[in-house]
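Using the hints, position chains L and S against chain D.
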Amino acid sequence: MELVHVVIGLALVEYLYFLMRCGAARGRLDVAAPTTVGNPEFERYFRVQYNTIEQLVIFIPGMLLFGAYVSPAVAAGLGVVFIVGRFLYGRGYVIDPSKRGPGFLLTLLANGVLLLGGIGGALFAWL
Amino acid sequence: MELVHVVIGLALVEYLYFLMRCGAARGRLDVAAPTTVGNPEFERYFRVQYNTIEQLVIFIPGMLLFGAYVSPAVAAGLGVVFIVGRFLYGRGYVIDPSKRGPGFLLTLLANGVLLLGGIGGALFAWL
Amino acid sequence: MELVHVVIGLALVEYLYFLMRCGAARGRLDVAAPTTVGNPEFERYFRVQYNTIEQLVIFIPGMLLFGAYVSPAVAAGLGVVFIVGRFLYGRGYVIDPSKRGPGFLLTLLANGVLLLGGIGGALFAWL
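Chains as they are written, first to last, in the working numbering: chain D, 4 to 130; chain L, 4 to 130; chain S, 4 to 130.
This is chain D alone, in the form it adopts within the complex:
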């Protein structure tokens, strides 16, 4: 499972980058806390970070279940798909929110396979 843990860690480094980019945008665009809405450019950085949280909630348990019950190597590969998908999502979104589709679908696909495969594997091990 070491490789699965490394890939989870790298996805969190990518998330940390989105988090710090959003914090930097808050300073640069002069959006004073606690405000989060009203400045469309800031909102893009903010939504990239929060959409990534939305997906990590599935990704981390999905990686651990799929890695433990199905295959750690396949889990790591799907984790790389997730990281690449998030990169495309984060880059597309800040250019134009309508460009967020392909990256979003890639992460959703990786997450769907990880979660459903992980549940299937755990169910099979339990029965």
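Each hint should be verified, as a subset may be incorrect.
No copy labels: a pair is met if it fits in one copy or bridges any two.
Derived SDA-like pairs: lysine to any residue, alpha-carbon spacing no greater than 25 Å straight-line [what the hints assert, rightly or not]: (1) K102 - A36; (2) K102 - A28; (3) K102 - A35; (4) K102 - E17.
Read the hints as simulated data drawn from the structure, not as lab findings.
Using the frame of chain D, we list chains L and S on its own:
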């Protein structure tokens, strides 16, 4: 712990359903990204998803700690209470936000027992 | 790892306190669901809770990786730094959002060491 993992996975499938329902509402109600506020109907679907994230942050570690240190069978049972509570919450909220109370309390109750029981069990194992 | 699990549990009790404080503020300040923006005082409580979610996404996996691959005792110590940092953050923010800096930096520092150290340890174990 296989059963605990299955129940965590099922709670995440329910969350994935809230996520996709919120995405569908964004399209149907014509709420263009990155906007998240201003359309009360969209906001209900959005808040159901985000309130579920708020609770999953406690639920997943709580299930793992309670399952490992107290009882995997009781953890799985509390996990089912959580899933049912979330279902009632998600259904009540979109009809009328004032109807979200019972489902919310059910999830908070399950989470409180899982978290405090899990900490107690870990503390007992450590001492 | 029992101590690491106890410290993760205590950080989640602190988060549960922020969650319930935010819920209480919603009632007291008469902010009807699904609204989350518009009342600056409510927004402070809301942002303390959500910023804590943003950080817990890194903290929990970081604690587990660092605890498993580097040192459970050092992980537990960094976890205490995180909990103290969050306490300062949550207290400073509601008084004046400009006072949230020191607590934020303390949590970010703990999270950075936990995440990067954890990845390094997992990578070293894998190679």
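Hint check:
no.	hint	in the structure
1	K102 - A36	between (28 Å within a copy, 11 Å between copies)
2	K102 - A28	both (20 Å within a copy, 19 Å between copies)
3	K102 - A35	between (28 Å within a copy, 12 Å between copies)
4	K102 - E17	within (19 Å within a copy, 27 Å between copies)
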